[in-house]
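Asker: Chain residues, written in single-letter form:
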Amino acid sequence: MTGGTRDNDRRRDEGFVRDVLARTSGPACDRACGQLPDLVDGLLTGLDRDLVQGHLEHCAGCRQVAVVLGWLTPALPAMATIDPGPAFTAAVLARTSDRRQQAAALAEPGGAAGLMDRLGRWWETQILRPGFPAQVAYVATIVLVLLTVTPGSPIKDVPGKALSTMQAGGGAIPVVGPALNNASTWLDARGASALAGISADLRGRWHRTESSLARRFDRSGASRTELAAYLDQTLTRIRDGELGQATYELFSAGKAAGRAWTEWWTEDDDDDQ
Amino acid sequence: MDPAELLQKCQNGDELAWEVLVRQHQGRICSIAYHYVGEQDEAMDLAQEIFVRVYRRLDTCTDSEKFVSWLSRIARNACIDHLRRRKARPPRQDIPAEDMVALAGAGPTPEDEWISSSRQRMVHRALQHLSEINREIIVLKDIQGLPLEEIAGMLDLPLGTIKSRSSRARIELAKAITEIGGGPGPNGYGAEAVT
Numbered sequence: 001m002t003g004g005t006r007d008n009d010r011r012r013d014e015g016f017v018r019d020v021l022a023r024t025s026g027p028a029c030d031r032a033c034g035q036l037p038d039l040v041d042g043l044l045t046g047l048d049r050d051l052v053q054g055h056l057e058h059c060a061g062c063r064q065v066a067v068v069l070g071w072l073t074p075a076l077p078a079m080a081t082i083d084p085g086p087a088f089t090a091a092v093l094a095r096t097s098d099r100r101q102q103a104a105a106l107a108e109p110g111g112a113a114g115l116m117d118r119l120g121r122w123w124e125t126q127i128l129r130p131g132f133p134a135q136v137a138y139v140a141t142i143v144l145v146l147l148t149v150t151p152g153s154p155i156k157d158v159p160g161k162a163l164s165t166m167q168a169g170g171g172a173i174p175v176v177g178p179a180l181n182n183a184s185t186w187l188d189a190r191g192a193s194a195l196a197g198i199s200a201d202l203r204g205r206w207h208r209t210e211s212s213l214a215r216r217f218d219r220s221g222a223s224r225t226e227l228a229a230y231l232d233q234t235l236t237r238i239r240d241g242e243l244g245q246a247t248y249e250l251f252s253a254g255k256a257a258g259r260a261w262t263e264w265w266t267e268d269d270d271d272d273q
Numbered sequence: 274m275d276p277a278e279l280l281q282k283c284q285n286g287d288e289l290a291w292e293v294l295v296r297q298h299q300g301r302i303c304s305i306a307y308h309y310v311g312e313q314d315e316a317m318d319l320a321q322e323i324f325v326r327v328y329r330r331l332d333t334c335t336d337s338e339k340f341v342s343w344l345s346r347i348a349r350n351a352c353i354d355h356l357r358r359r360k361a362r363p364p365r366q367d368i369p370a371e372d373m374v375a376l377a378g379a380g381p382t383p384e385d386e387w388i389s390s391s392r393q394r395m396v397h398r399a400l401q402h403l404s405e406i407n408r409e410i411i412v413l414k415d416i417q418g419l420p421l422e423e424i425a426g427m428l429d430l431p432l433g434t435i436k437s438r439s440s441r442a443r444i445e446l447a448k449a450i451t452e453i454g455g456g457p458g459p460n461g462y463g464a465e466a467v468t
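From first to last, the protein sequence lines are chains A and B. First residue of the first sequence? That's 1 in my numbering, and the numbers climb one at a time after it. First residue of the second sequence? That's 274 in my numbering, and the numbers climb one at a time after it.
Please note that a few of the clues may not be correct.
If you anchor each label on the Cβ, the simulated ranges turn out as follows [said to hold, decoys possible]:
{"hint": "1", "chain 1": "B", "residue 1": "Ser-437", "chain 2": "A", "residue 2": "Ala-60", "range": "24 to 30 Å"}
{"hint": "2", "chain 1": "B", "residue 1": "Gly-418", "chain 2": "A", "residue 2": "Leu-146", "range": "52 to 58 Å"}
{"hint": "3", "chain 1": "A", "residue 1": "Leu-119", "chain 2": "B", "residue 2": "Arg-326", "range": "17 to 23 Å"}
{"hint": "4", "chain 1": "B", "residue 1": "Asp-275", "chain 2": "A", "residue 2": "Val-139", "range": "50 to 56 Å"}
{"hint": "5", "chain 1": "B", "residue 1": "Ile-406", "chain 2": "A", "residue 2": "Leu-51", "range": "28 to 34 Å"}
{"hint": "6", "chain 1": "B", "residue 1": "Gln-284", "chain 2": "A", "residue 2": "Ala-140", "range": "41 to 47 Å"}
{"hint": "7", "chain 1": "A", "residue 1": "Pro-77", "chain 2": "B", "residue 2": "Asp-318", "range": "23 to 29 Å"}
{"hint": "8", "chain 1": "B", "residue 1": "Arg-357", "chain 2": "A", "residue 2": "Val-149", "range": "35 to 41 Å"}
{"hint": "9", "chain 1": "A", "residue 1": "Ser-164", "chain 2": "B", "residue 2": "Val-325", "range": "55 to 61 Å"}
Facing chain B, according to a computed beta carbon distance under 10 Å, are these residues of chain A, among others [stated by the list, open to error]:
{"hint": "10", "residue": "Val-65"}
{"hint": "11", "residue": "Val-68"}
{"hint": "12", "residue": "Ala-78"}
Rough simulated footprint, nothing fancy, chain A against chain B, three-plus residues with beta-carbon under 8 Å [claimed, not checked]:
{"hint": "13", "segment": "297-304"}
{"hint": "14", "segment": "307-317"}
{"hint": "15", "segment": "320-328"}
{"hint": "16", "segment": "392-406"}
{"hint": "17", "segment": "410-418"}
{"hint": "18", "segment": "442-454"}
Read the hints as simulated data drawn from the structure, not as lab findings. Using N, Cα and C, we set each Cβ at its ideal position, and we do this for glycine too.
Could you build all of it, start to finish, from the sequences and the hints given here?
Answerer: Written out as structure tokens, the structure reads:
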């Protein structure tokens, strides 16, 4: 029998086996592959070993996987370390040295300072969580819903009123709607002379408003400057990774903002003019 | 030097001991970071960050015999944090699987030079195609050689699951390597027979 005839016979047999498997159990590759690690590790013995090796003789795909597993097993532990080059150690030592100096400067603040430091670190871990924005949105939605249905809430029934107003048209808006309608009617009734009078009146009001704003700016100037300085400090601390100190600066900024707010809205005799 | 003594000195703030510790373990940390994130520059930055974390938490390591596991756990957590932050950023252009065959035959890149062996390069590329859990098991068990119990603790999975997953992860890796051209053949790398 010639080699060509033997090859043809083998191919015919292979085709026959594949057809039978396809019509019965399906290909045995999954089961054979599942045993390949044990075969490579030498843990497979007896009949199981013969069965897997028998499959490998006839299945090129599984044989390929087995060969790769053969060299992979000793190759993987050789990848346990990678030489990062000489600059790496120096870079790590420089960074940890910075940390050491910062730690010494802060000297582990205790009491309220320590609490603020821990709060800062906790907040940092919270905002870095991927689910944080979704959770904030979820909580905000719940709070909003509760506020619109809770008796005594300042915004209770607001959505319902807003909806009915929209359905009724612009004129139904309380205070503003009728006022707009009246203004329109009034403007229609008056001529250009009346508009000129209004314009003069508006100019006078604007001048008074302008001078009031200038006084408010002057009055709250120091607090606003302080606020800007504290905010600047906060950003610097955050950039330096000193979250505890950043929280302090932010707290001081809040106080300055409060003072600026009070000074801005404190009425004096001139403001009422 | 005795590991316990070295750790003790580091915990007492001895800069020389810390330098020795960094030199001893930097290869391992760089390997973990590289196999998790897949890119050299990112891995180098991340490895530095891992050492900063380690330095800050040195006092929490009480058992010097388990120092490597403790170190690997910190490294693994840092890598996971990094990958989560990266996911939040716009995705970079992924390389289609079919292009990997062409890449496998392309000339060496700077990244390739970092890992000198062609087989290791191939394994590293194939690792990026595995599922997250299988990649972790390969990196922690087969590459780093950590005990299965430690890996189960790190991944918060039962020990039995890790054992069964381990074989499947190796098979998945071998299949990924054959798919990107690492199997036996004219351009492949696997020449040895298995039996």
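Asker: For each hint, tell me whether it holds in the structure or not.
Answerer: Outcome of the hint check:
no.: 1; hint: B:Ser-437 to A:Ala-60: 24 to 30 Å; verdict: holds, 27 Å
no.: 2; hint: B:Gly-418 to A:Leu-146: 52 to 58 Å; verdict: holds, 54 Å
no.: 3; hint: A:Leu-119 to B:Arg-326: 17 to 23 Å; verdict: holds, 20 Å
no.: 4; hint: B:Asp-275 to A:Val-139: 50 to 56 Å; verdict: holds, 52 Å
no.: 5; hint: B:Ile-406 to A:Leu-51: 28 to 34 Å; verdict: holds, 29 Å
no.: 6; hint: B:Gln-284 to A:Ala-140: 41 to 47 Å; verdict: holds, 44 Å
no.: 7; hint: A:Pro-77 to B:Asp-318: 23 to 29 Å; verdict: holds, 26 Å
no.: 8; hint: B:Arg-357 to A:Val-149: 35 to 41 Å; verdict: holds, 36 Å
no.: 9; hint: A:Ser-164 to B:Val-325: 55 to 61 Å; verdict: holds, 59 Å
no.: 10; hint: Val-65; verdict: holds, 5 Å
no.: 11; hint: Val-68; verdict: holds, 4 Å
no.: 12; hint: Ala-78; verdict: holds, 7 Å
no.: 13; hint: 297-304; verdict: holds (count 5)
no.: 14; hint: 307-317; verdict: holds (count 3)
no.: 15; hint: 320-328; verdict: holds (count 5)
no.: 16; hint: 392-406; verdict: holds (count 4)
no.: 17; hint: 410-418; verdict: holds (count 5)
no.: 18; hint: 442-454; verdict: holds (count 7)
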